[in-house]
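Asks: Just so you know, we're using this note's numbering here: the sequence shown kicks off at 158 and counts up by one.
Incorrect hints may have been included.
Claimed, not checked - Pair ranges (Cβ atoms, derived):
1. 1049 / 860: 48 to 56 Å
2. 445 / 524: 35 to 43 Å
3. 217 / 1049: 35 to 43 Å
None of these hints come from the bench; they were simulated from the model. Note that CB positions come from ideal geometry on N, CA and C, so glycine has one too.
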Amino acid sequence: MMLVAGNLETRLWLQAQTIPCTKLRSSLFSPVQSVTVFRSKLKIRKNFTAVHLSYVELKHMGQQQLGRYPIHFHLCGDVDYKGGYRHTTFVDGLSIHHSFSRCITVHGTNGLLIKDTIGFDTLGHCFFLEDGIEQRNTLFHNLGLLTKPGTLLPTDRNNSMCINMRDKVFGNYVPVPATDCMAVSTFWIAHPNNHLIDNAAAGSQDAGIWYLFHKEPTGESSGLQFLEKPELTPLGIFYNNRVHSSFKAGLFIDKGVKTTNSSAADPREYLCLDNSARFRPHQDADPEKPRVAAVIDRLIAFKNNDYGAWVRGGDIIVQNSAFADNGIGLTFASDGSFPSDEGSSQEVSESLFVGESRNYGFQGGQNKYFGIGGIDQKLRTLPRNRTFPIRGFQIYDGPIHLTRSTFKKYVPTPDRYSSAVGFLMKNTWQITPRNNISLVKFGPHVSLNVFFGKPGPWFEDCELDGDKNSIFHDIDGSVTGYKDTYVGRMDNYLIRHPSCVNVTEWNAVVCSGTYAQVYVQTWNTQNLSMTITRDEYPSHPMVLRGINQRAAFPQYQPVIMLEKGYTIHWNGPAPRTTFLYLVNFNKNDWIRVGLCYPSNTSFQVTFGFLQRQSGSLSKVEEYEPVNSLEELQRKQSERKFYFDSSTGLLFLYLKAKSHRDGHSYCSSQGCERVKILASTDSKDVSNCMAKAYPQYYRKPSVVKRMPSVLTRLCQGCGTHQVVFTSDPHKSYLPVQFQSPSKAETQRGDPSIISVNGTDFPFRSAGVLLLLVDACSVPFRLTERKFFLLADFSRMEEYLKTSIPPRSIVLLSTRGEIKRLNISDSLIPLGLAKPAHLYNKGSTIFLGFSGNFKPSWTKLFTSPAGQGLGVLEEFIPLQLDDYGCPRAGSIRRRDLELLKQASKAL
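Model the full structure from these sequences, guided by the hints.
Replies: Structure follows, in structure tokens:
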């Protein structure tokens, strides 16, 4: 290593591929401004005295070989106060660009601070936590741009690399790109106990930020033991991170990596993606202790091709976040599969969802899809392609809670659907009726509050089990206008009653009632479909294919209305073994079921509580037969069954005996389960529909009365935040103008200036002028003036002489104003040059009184007879450039969290 001094800069030339840094001190790097190297690396090993790298440019570094990265902290252990360091080891202000392999690799290293660093145009995961044991590292205010595929790991590779690189698979196995590879990410976080604050990721091949969960340490850390399992470990700080322009997702929380070498049993390559990990944080990473919510605070995700964010696990909270111009804004997925998954909560609150913003993008680069938008029919970048159904919040399995959030600009086109709330398409999985929505607000440009899908492109036939059972609870009526109702697919007669309300545009039905699920599992019955019919609607059965028709143990999970009767039939021989689990039943909730069997069948029916953790049964009881359905009804709280051999129906009541707590699927005693062992020599198809009905038909009835439609606007609905930027410590004033056309004006529609949600309407021809103090938070209106057509000379004088300094000027016209000659008066308020304002349809102006000319000052005009529609602007307040007096220090939440994370600043 050699330092060479030049006239303009000091360059550090790295002659060797590996630099021993066991005694590297900060003073060595203090004068370094730029590094010019080619395919070299800087490798830091443990037991150094101090490492502090600041303001260094690294170009063309690294190689597509393991361990050869621009910056590589290699098995350094604890490098913060836990390792005995007085000052946390840090990397600050680096520029790493056109790298041949990653940006910064953190390998077996804890407590490192990486801040104010840029990684641009690099191959493979950029900011890379390697083996799954790295903890307490803090990434603060870093930027990753244009993260491209590499070859080192399966997760680095794109589609073609994944298929063609097969030297480490077993035999003739051909990797599946979507499940084995295609995960290249700007921030690759392999353990949840790390901190991400104020970072930005843009233009990643797959994901901006990816959290994944190792079952065991990998790479050179293989053989070590986790003190705390990553899947169970609480999330570190996640605050104010921005992700955009990625192909798969802005933020992705899901999956792990394969931790075994390829073999005949599993021919996939070591460290390929694996779908076995589920994030479920608990106190002290102990599943027997209470859950600890993982909080995603202030995520801004936009222009991501598939998902703004895909988040699997529980408990997880997304708050104070914004999603715009994504294929799908946010999707939650549950942390596991029933019955091992005990149930968890997933919540999004105080968040904004925008379908199509004014960020039109541009054609070229990674923007493969370009077409007409639904809001203003202008060309814009599109997710997937012009037919892809855009959704703001996507409901998958649940339970989820969406609350205090706002949706804007979801307008379908002739080519595609666009909805504020939607559902995972082609869904084989369960959907719980415990999904619920409350206190949401839909903007004026939302054509579909909800959409359940229809047969056609992307949705295919909409006939998978999850598609049919899609449902959520509208707690307060802020979605449908009907308080305490459930919204399901319109053709689902398992959840209906005569007073339900159809919403054809949504393909939805709105119903009152109480709902739960029955989890049906059969053994050794591949390719068996189940038909379930409610006694009140026998002409509308639901046919379920099961989660996986090829599975040896098919699973069916219909959503059902409680206190009703159902029959179950099969498209083949009746299963010899059937399990019925009560899912989301509260104590004393019940349904009656009749299962179809051959008339000569004998039964052994038992009940027990299945313990999730151990898989053992407790409190096992035998069911006893009774002689009639009437006797069964009288004894429905007892363990009885009735077999009607004339119809082939085995009747019993599923009634919950124990309380259910919180979000758990099952009771506090365990999962209540009925097991049916059937003995018969018949091979006939077991479908009893023709014999069951009309004998067991019941007239449809309402158990819970349907509420009246709400007539008042929802109070307190929507997010309180209307502006989301990367500078959350700044305050913004939302301003909206409604400028009607001549025809709308004649119809009586008002002109409106709205300031921070307060409307100032006017209906007379003239000009409304509002002045707002630019230095006050919350906003302070200092003047409201209206000038009639005859007062324009007075208005011109007012604009020139009477507007106080540091004022925001909001001006809107109404009516046919033929001689509006005020453009000279607007130049001191920020107008760039005199404008021709004669014979305009509408004029809107945003200006500022002061020595500073903000970039937000704007003038809008429309042709005669036309209006400007709805215009929305967000004006920053309390800027130093305005000349505002200092009101004391501004609270910087990000710096507070940085101090909390590092414990050394």
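Asks: All hints are to be evaluated individually against the structure, with a verdict given for each.
Replies: Hint-by-hint comparison with the structure:
1. 1049 / 860: 48 to 56 Å: 54 Å, holds
2. 445 / 524: 35 to 43 Å: Given a distance of about 49 Å, which is not inside 35 to 43 Å, the answer is violated.
3. 217 / 1049: 35 to 43 Å: With Cβ atoms ~36 Å apart, the hint holds.
Taken one by one, the earlier hints fail for this structure only at number 2.
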